[in-house]
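*Asks:* Here are the chains, one letter per residue:
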Amino acid sequence: MSTVQVKPAPSQAKVTFISSSIGKKVFQAITGSFMFFFVVGHMLGNLQIFIGQDQLNTYAQALKDVPYLTWSVRFVMIVCLVIHVWWGIQLYFENWFSRPIRYVVSKTVQASLSSRTMIFTGGGIFLYVVYHLLHYTFIVTNPQYAGLHDSLGRHDVYSMVILGFQNGWISTVYFVALFSLSYHLVHAIPSLFQTFGLNNDKTKFKFDVLGWLVAIVLFVGYSIIPAAVLLNIIKLPEGVL
Amino acid sequence: MNLTLRVWRQKNSQEKGHLETYQAKDINEDMSFLEMLDVVNEDLIKEGVEPIHFDHDCREGICGACSLVIGGIAHGGKKGCTTCELRMRNFKDGDTITVEPFRAKAFPVIRDLVVDRSSMDRVIQAGGFVSANTGGAPDANAIPVHKDVSDTSMDAAACIGCGACVAACKNASAMLFVSAKVSHLATLPQGQVERENRVRKMVAQMGAEGFGNCSNYYECEAVCPKEISVKNIAKMNREFFKANVSKK
Amino acid sequence: MKLESKVPSGPLAEKWDKHRFEMKLVNPANKRKYSVIVVGTGLAGASAAATMAELGYNVKSFCFQDSPRRAHSIGAQGGINAAKNYQNDGDSIWRLFFDTIKGGDFRSREANTYRLAQVSNNIIDQCVAQGVPFARDYGGLLANRSFGGAQVSRTFYARGQTGQQLLLGAYSALQRQIGLGKVQMFPRTEMLDLVLIDGHAKGIVIRDLVTGEISSHAADAVVLGTGGYGRVYNLSTMGLGCNVTAAYRAYKRGALFANPCYHQIHPTCIPHTGEYQSKLTLMSESLRNDGRIWVSKNKDDNRPPGEIPEDERDYYLERKYPSFGNLAPRDISSRSAKEVCDDGRGVGPTKYGVYLDFSEAIERLGKKAISDKYGNLFDMYNLITAEDPYQVPMRIYPASHYSMGGLWVDYNLMSNIPGLHVIGEANFSDHGANRLGASALMQGLADGYFVLPYTIGDYFAREGAQNITTDRPEFREAEEAVSARMKKLLSINGERSADSFHKALGEIMWEKAGLARNETDLKKAIEEIVALRKEFWQNVKVLGSNESLNQTLEKAGRVADFLEFAEIFCYDALNREESCGAHFREEYQTKEGEALRNDKKFAYVSAWEYKGDGVKPELHKEELEFENVELATRSYK
Ligand SMILES: Cc1cc2nc3c(=O)[nH]c(=O)nc-3n(C[C@H](O)[C@H](O)[C@H](O)COP(=O)(O)OP(=O)(O)OC[C@H]3O[C@@H](n4cnc5c(N)ncnc54)[C@H](O)[C@@H]3O)c2cc1C
Ligand code: HEM
Ligand code: HEM
Ligand code: SF4
Ligand code: F3S
Ligand code: FES
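Protein chains in written order, with the working numbering: chain A, 1 to 241; chain B, 1001 to 1248; chain C, 2001 to 2637.
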């Protein structure tokens, strides 16, 4: 008869925290914030390049010397990435299928472009991370870096980075990726507070501003490295190639 | 003024719909959008064409029956305004306006612009109430409620259940609607006993009805005729989290 | 037919208690054996359905909207009365009772009105417990305002959305019972007939508005909470779906229609602007607390309001009723507005409007204070008219608003058909010839939460559970009649839409049976209604089929019933040769133009009985006995 009795009685619907709509989001936010902290830390680490070859290589070596720590961080990051990506994609499709017939005309009043492109900026980040690991960590794309060593016999991360960015194509990939990341965070940062329930009418605007600030700082903080290399501000040390 | 309308026509829930073009002639700018449709319908009837079906009742912005996505925006885009309150003076002579039903998996089209929003009722059935049987209530002034608390609660309680938030959300999520109810009751002392259970059940039902998830787009808030704030969604997230921790 | 009010004997204040003791009870374990149909999910219907389900009865609830939450009650703005005396300003149950009966111009049943005042306090308690966010003072206690001409502050409110909040309270209680399986809800369903089995109301015939399917439901009793018939005037403050169909179908099955001519015209609505208009928007009466009503002293004064000097303004309510001034009761304010407009002193494009001016209040209290109090109403006015009431005075005019008349019920809220109970605006019982502001919400909830759930038990206990099913031939017959009517409407295929008939009917009613009535006009109205009805059945154009959502078909059915009902309305107005409350007969007025009641001849309830199509209904009288109040001339001077 009437449409009301078709669905199961509401009292039956049960859900666990993780499988609930809100729970999934909370996990997105938790994993996202972990990755965010990594990104910030990584940026600070990378910026040591401006201090010099010795400093950066020492830092890289120092990390290698505490394998338990690095591996735990790596483990957490991998888990975060997997969850974040997996649920990011799942949420995306769920959301897409929540409106099987789309509007013919659809306007946006206040949803930001950043918020509406999360899956694409996220996807961009993901592709980038894969490339980035192959590039600098596993040194697959440019095997020639593997033989770089500094005068103390350490892996010469400093030279590797500079060599990499001297290639305009590679730098471009980085710029695009960094834009993706930053733009992801323009929405991600304020969104995180909303998801954790820490937002209200008074803080809303402030968090939006925070999102932009973080994005800009990250974008500048990271891209200043390839930019400096391209502008020849940081150069390869004597004797490398 | 004269307008061109592109209106979604769909015979029933099974049939595939399409946009149909109609002319709206001699429209007075003091008319409401629905009165404009009345005029078009009157002409259609004269021509022997079945009139455009749309939901409406109070025509003063309180019952939540009217819907419509007008020119791509639920309720037409005037802030704090339902379709029935929207006046034609907000349009220009010669405009072409596309009129579509609220779209969401949880809102199947019944006919033309009429959709089935009973999913929202079922979310309320799951827990959007205080279980206070008639008769046993203490004196109304027995529990003083801070004026600010009562006002905040009223802000959320003002929701008219129209579903525009769902229609506008890119994810067809009902978070604003559900959070308005959760927040209304969680704010008041009367809502405390069932606080945890309520939010758990309502969120569960919301998922079961096929609404999307919230990505914090805030598009819902922009079209909400009662200007319900997305801070209620933040509050519901908090409530849900606490409820799952407390296991009360 | 002898109309038995079943008012219990004894002192007024003890009647309800005594009656509750005397009524039979249904054993708690047996309650689940009884089923009840509740048509309507407004304040009355939703509260009754929820409460009866809580008690253990099996309830089926129906409404024509897509959700029970959208019932017309949602639109009430101003507030709800209760005799709490929280403000310590001298209120009491007795005073609320007295004000209500006086406001009703001594045409209501004393015992019912008294009971209403008695249970009013429980309503507020119940609503607060449900989480209704009533306005509060800084100390955290409930706030009150004075409303609609009351001299005490007894009105509870939730911003300008009191009806909404109260209905959402009742709706949530109803939703809870639906979730628990004690109420089966049928939205988008219209009741199109009442079914009697051996003289008792045992079921209804419905049309599923989505599929068009016509079917029946049976139960041990039927409750109608289907609201008022104000849209007999077409333009009104009521929701567009409001109709008389359910009540009228019951009338055709033998239920008496009481006092149909008592219909309230609300003084403060946004004036009519054009042909196309579908609805008149109410501007809450609370505006009259601070706004001053005036027109120019000169006829055809076309100057903008700002240019009319103070001494050329006529603050006519303040002039005529110095002690109540702008707060004079609704019927008096409405009629006065009509008088000045008929005198050619109206304002606005149609000249049917008067100013409601806040400039003095803004000066005295500041813009902030005014916007705190009325901000949302001012916004709404601005949205509709594109005028800013902070700058220029509002224009207002009376509009059809509330039906005091309705199906006749006894003290138990049962009509003359056993088993058929009628609650809320759909019955006639508590407001006499005029309703005071903020008392309809009170009555709807009183009936639904606190009266009917008791009295219906008495009926059940006396009759026993009967397990009637829809297999009975009475159901088939009724269903067939309904189907035939649908087919008939669809087959006429004439020239005019149902809407155009509704508009035409509205004009007849407004002109000839509106704010002021007289014998000649009423007789003419009846002729015109009969002619219009005839044309309707030959010339209405209803497209589409029965087997789908078909809003024109729904509309046509409702208009058809209005076209019949309007005639009884006029008969009643014609019969009542006095002026009382909202019913003003021009022939019966004092020299100063005030209403002239005739208590000797007309202190009765007119209850009309259906005698066949096109036949004048038969009048039955329930004499009103006043043991506790003295019938005085209402004076608000
Ligand atoms: C604009 C406005 C403001 C008001 N403000 C106030 C105020 O401030 N204070 C106050 O006390 N009163 C006020 N009133 C009056 C008050 O709102 C109503 O009298 C009251 O709400 C009526 O409630 P009800 O439950 O009797 O009926 P309604 O709320 O009218 O409900 C009728 C129900 O019956 C159903 N129904 C009707 N016909 C059928 C059918 N054939 N088949 C199936 N279902 C049917 C409908 O779906 C609906 O659910 C106001 C009224 C208006 C119009
Ligand atoms: C360093 C990398 C990343 C960081 C720091 C990051 C951070 C975040 C944060 C903080 C959020 C906000 C969660 C919330 O709304 O509360 C978020 C959301 C999101 N992220 Fe990422 N993210 C990263 C990588 C990715 C990747 C690789 C994807 C790939 C699919 C992705 C897809 C998404 C999506 C789709 C959302 C939105 C989820 C929703 O709101 O529905 N992110 N991200
Ligand atoms: C200018 C920008 C960047 C530079 C110069 C840079 C440089 C490097 C270098 C040199 C390494 C390898 C370190 C080593 O193996 O010794 C590395 C590892 C890594 N980088 Fe970056 N990076 C940049 C941006 C990013 C960004 C934006 C992300 C994330 C989205 C990222 C994620 C990683 C990860 C996950 C690793 C692997 C860490 C590990 O081995 O545990 N990098 N980066
Ligand atoms: S939250 Fe706003 S948009 Fe959503 S249902 Fe309520 S009133 Fe409508
Ligand atoms: S628009 Fe949708 S994504 Fe969330 S904030 Fe509103 S429900
Ligand atoms: S018709 Fe009631 S809100 Fe628009």
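Hints should not be assumed to be uniformly reliable.
Claimed, not checked - Here are some chain B residues the structure puts well away from chain A; computed CB gaps all over 10 Å:
| hint | residue |
| --- | --- |
| 1 | Arg1009 |
| 2 | Glu1029 |
| 3 | Val1040 |
| 4 | Gly1072 |
| 5 | Glu1100 |
| 6 | Ala1106 |
| 7 | Ala1126 |
| 8 | Ala1137 |
| 9 | Asp1139 |
| 10 | Asn1141 |
| 11 | Asp1151 |
| 12 | Arg1195 |
| 13 | Val1203 |
| 14 | Glu1219 |
| 15 | Glu1221 |
| 16 | Ala1234 |
To be verified - Which bits of chain B does chain C cover? Going by a derived footprint, with three or more residues having C-beta under 8 Å, they are:
| hint | segment |
| --- | --- |
| 17 | 1049-1057 |
| 18 | 1157-1171 |
| 19 | 1209-1216 |
FYI, nobody ran anything at the bench for these hints, they're computed from the structure. Given the structure is predicted, the values throughout are model-derived calculations rather than measurements. The beta-carbon is built from N, C-alpha and C at its ideal position, and this holds for glycine as well.
*Asks:* Evaluate each hint against the coordinates.
*Replies:* Status of the hints after comparison with the structure:
1. Separation of Arg1009(B) from chain A is adequate, the least Cβ-Cβ distance of about 12 Å exceeding the 10 Å criterion.
2. Taking the minimum C-beta to C-beta distance to chain A, about 22 Å, the non-interface status of Glu1029(B) holds against the 10 Å cut.
3. The Cβ of Val1040(B) lies farther than 10 Å from every Cβ of chain A, with a closest approach of about 18 Å, so its non-interface assignment holds.
4. A beta-carbon of chain A is positioned within 10 Å of the beta-carbon of Gly1072(B); the least distance is around 3 Å.
5. For Glu1100(B), the requirement that its beta carbon stay farther than 10 Å from each beta carbon of chain A is not met, with the minimum near 6 Å.
6. A beta-carbon of chain A comes within 10 Å of the beta-carbon of Ala1106(B); the shortest separation is about 7 Å.
7. Listed as a non-interface residue, Ala1126(B) fails to keep its Cβ farther than 10 Å from every Cβ of chain A; the least gap is roughly 4 Å.
8. Listed as outside the interface, Ala1137(B) is consistent with that label: its C-beta sits roughly 24 Å from the nearest C-beta of chain A, beyond the 10 Å cut-off.
9. Non-interface status of Asp1139(B) relative to chain A is upheld: no Cβ of that chain comes within 10 Å, the nearest being about 31 Å off.
10. Separation of Asn1141(B) from chain A is adequate, the least Cβ-Cβ distance of about 29 Å exceeding the 10 Å criterion.
11. The non-interface label for Asp1151(B) is consistent with chain A: the shortest C-beta to C-beta separation is roughly 13 Å, beyond 10 Å.
12. No beta-carbon of chain A comes within 10 Å of the beta-carbon of Arg1195(B); the shortest separation is about 14 Å.
13. Non-interface status of Val1203(B) relative to chain A is broken: a Cβ of that chain comes within 10 Å, the nearest being about 5 Å off.
14. Listed as a non-interface residue, Glu1219(B) fails to keep its Cβ farther than 10 Å from every Cβ of chain A; the least gap is roughly 4 Å.
15. At the 10 Å boundary, the C-beta of Glu1221(B) falls inside the reach of chain A, the nearest C-beta of that chain being 7 Å off.
16. Annotated as non-interface, Ala1234(B) brings its C-beta within 10 Å of a C-beta of chain A; the closest such distance is 4 Å.
17. Taking a C-beta to C-beta cut-off of 8 Å, the segment 1049-1057 of chain B contributes 7 residues in contact with chain C, enough for the three needed, and the coverage statement holds.
18. Chain C is given as covering the segment 1157-1171 of chain B, and this holds because 4 residues of the stretch bring a CB closer than 8 Å to a CB of that chain, at least three being needed.
19. Counting residues of the segment 1209-1216 of chain B whose CB lies closer than 8 Å to any CB of chain C gives 0, which falls below the minimum of 3, so the coverage claim is violated.
The earlier numbered hints that this structure contradicts are 4, 5, 6, 7, 13, 14, 15, 16 and 19.
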